[in-house]
Amino acid sequence: EAQVTQNPRYLITVTGKKLTVTCSQNMNHEYMSWYRQDPGLGLRQIYYSMNVEVTDKGDVPEGYKVSRKEKRNFPLILESPSPNQTSLYFCASSLVLWGTFGPLHFGNGTRLTVT
Amino acid sequence: GQQLNQSPQSMFIQEGEDVSMNCTSSSIFNTWLWYKQDPGEGPVLLIALYKAGELTSNGRLTAQFGITRKDSFLNISASIPSDVGIYFCFYAGNNRKLIWGLGTSLAVNP
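Protein sequences, first through last, are from chains Z and R.
For the first sequence, this note's numbering gives the first residue as 24, with consecutive numbering after it.
For the second sequence, this note's numbering gives the first residue as 20, with consecutive numbering after it.
The hints are simulated quantities; they were obtained by calculation from the structure and are not laboratory data.
Bear in mind that the values here come from a model prediction, so they are computed numbers and not experimental data.
Note that the Cβ used here is the ideal one computed from N, Cα and C, for glycine as well.
Fair warning: there could be bad hints in the mix.
As the list claims (entries may be wrong) - One-sided and incomplete, this derived list gives chain R residues near chain Z with beta-carbon spacing under 10 Å:
#1 Phe31
#2 Pro62
#3 Thr81
#4 Phe92
#5 Gly104
#6 Phe109
Unchecked claim - Far from chain R, some chain Z residues (derived; all Cβ distances over 12 Å):
#7 Val27
#8 Asn51
#9 Gln60
#10 Gln68
#11 Pro106
#12 Thr123
#13 His128
#14 Asn131
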């Protein structure tokens, strides 16, 4: 089954403790992206990647890191989490053909709480 | 980043009623995508529109790509409780910019 898999679904941590949220897709998509979703603010893009070893900042990259060493994986890293990073996070992927994006496929989300 | 204007922000309707929501943009778009997000889940694609004037249906859902290419409409006919969720319009441009509406939250009273 074609899917985007995020782990964990729920995570509670303390300020400053490094964490990684994993994302994997099995559709051979070039494009992958991380979003955070907060009430009243919609989906805001954190980072995106057009292909292996190619990553770019989205609209709210501060406090986050990503890597794209393999096409299927795009982990989100919080080196020193803070309470304002408490949010619902989504990973997404998309096929890109001749520069044109196909529809985004989303993971089921990771609800992160930083105390 | 840039956002689409989506309205209404929320809707509370009775089961069986029809629903209409829309997205507008100051820019011309080549693609409109409509997604639904169930509570606690990731957004799922409902309908994709690729041509101005295009009218596409998916069951009880119908979406239209406005002639001006600056707007799109999503209609749901004969709503049912499982229609509850947040509906997003979305645009994926060739310049890698992905633009979202803030969503329309739909509540259906059985």
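Cross-check of the supplied hints:
1. Because the beta carbon of Phe31/R sits about 17 Å from the nearest beta carbon in chain Z, more than 10 Å, this interface hint is broken.
2. The criterion of a C-beta within 10 Å of any C-beta in chain Z is met by Pro62/R, whose closest approach is roughly 5 Å, and the hint holds.
3. Given the 10 Å rule on beta carbons, the hint for Thr81/R is violated: about 18 Å separates it from the nearest Cβ of chain Z.
4. Checking Phe92/R against chain Z: minimum C-beta separation of about 18 Å lies over 10 Å; hint violated.
5. The interface hint given for Gly104/R is broken, as the beta carbon of that residue sits about 13 Å from the closest beta carbon of chain Z, more than 10 Å.
6. Because the closest C-beta pair between Phe109/R and chain Z is about 7 Å apart, less than 10 Å, the hint holds.
7. For Val27/Z, the condition that its CB be more than 12 Å from all CB atoms of chain R is violated, with the nearest at approximately 8 Å.
8. Listed as a non-interface residue, Asn51/Z keeps its Cβ farther than 12 Å from every Cβ of chain R; the least gap is roughly 18 Å.
9. At roughly 8 Å, the least C-beta separation between Gln60/Z and chain R is not larger than 12 Å, which violates its mark as non-interface.
10. Look at Gln68/Z: its CB is around 6 Å from the nearest CB on chain R, not clear of 12 Å, so calling it non-interface is violated.
11. Interface exclusion of Pro106/Z from chain R stands, the closest Cβ pair being 22 Å apart, more than 12 Å.
12. Not every Cβ of chain R is farther than 12 Å from the Cβ of Thr123/Z; the closest lies at roughly 6 Å, contradicting the non-interface assignment.
13. Some Cβ of chain R comes within 12 Å of the Cβ of His128/Z; the nearest lies about 8 Å off, and the non-interface call is violated.
14. Distance check for Asn131/Z against chain R: the nearest CB is about 5 Å away, which does not clear 12 Å, and the non-interface claim fails.
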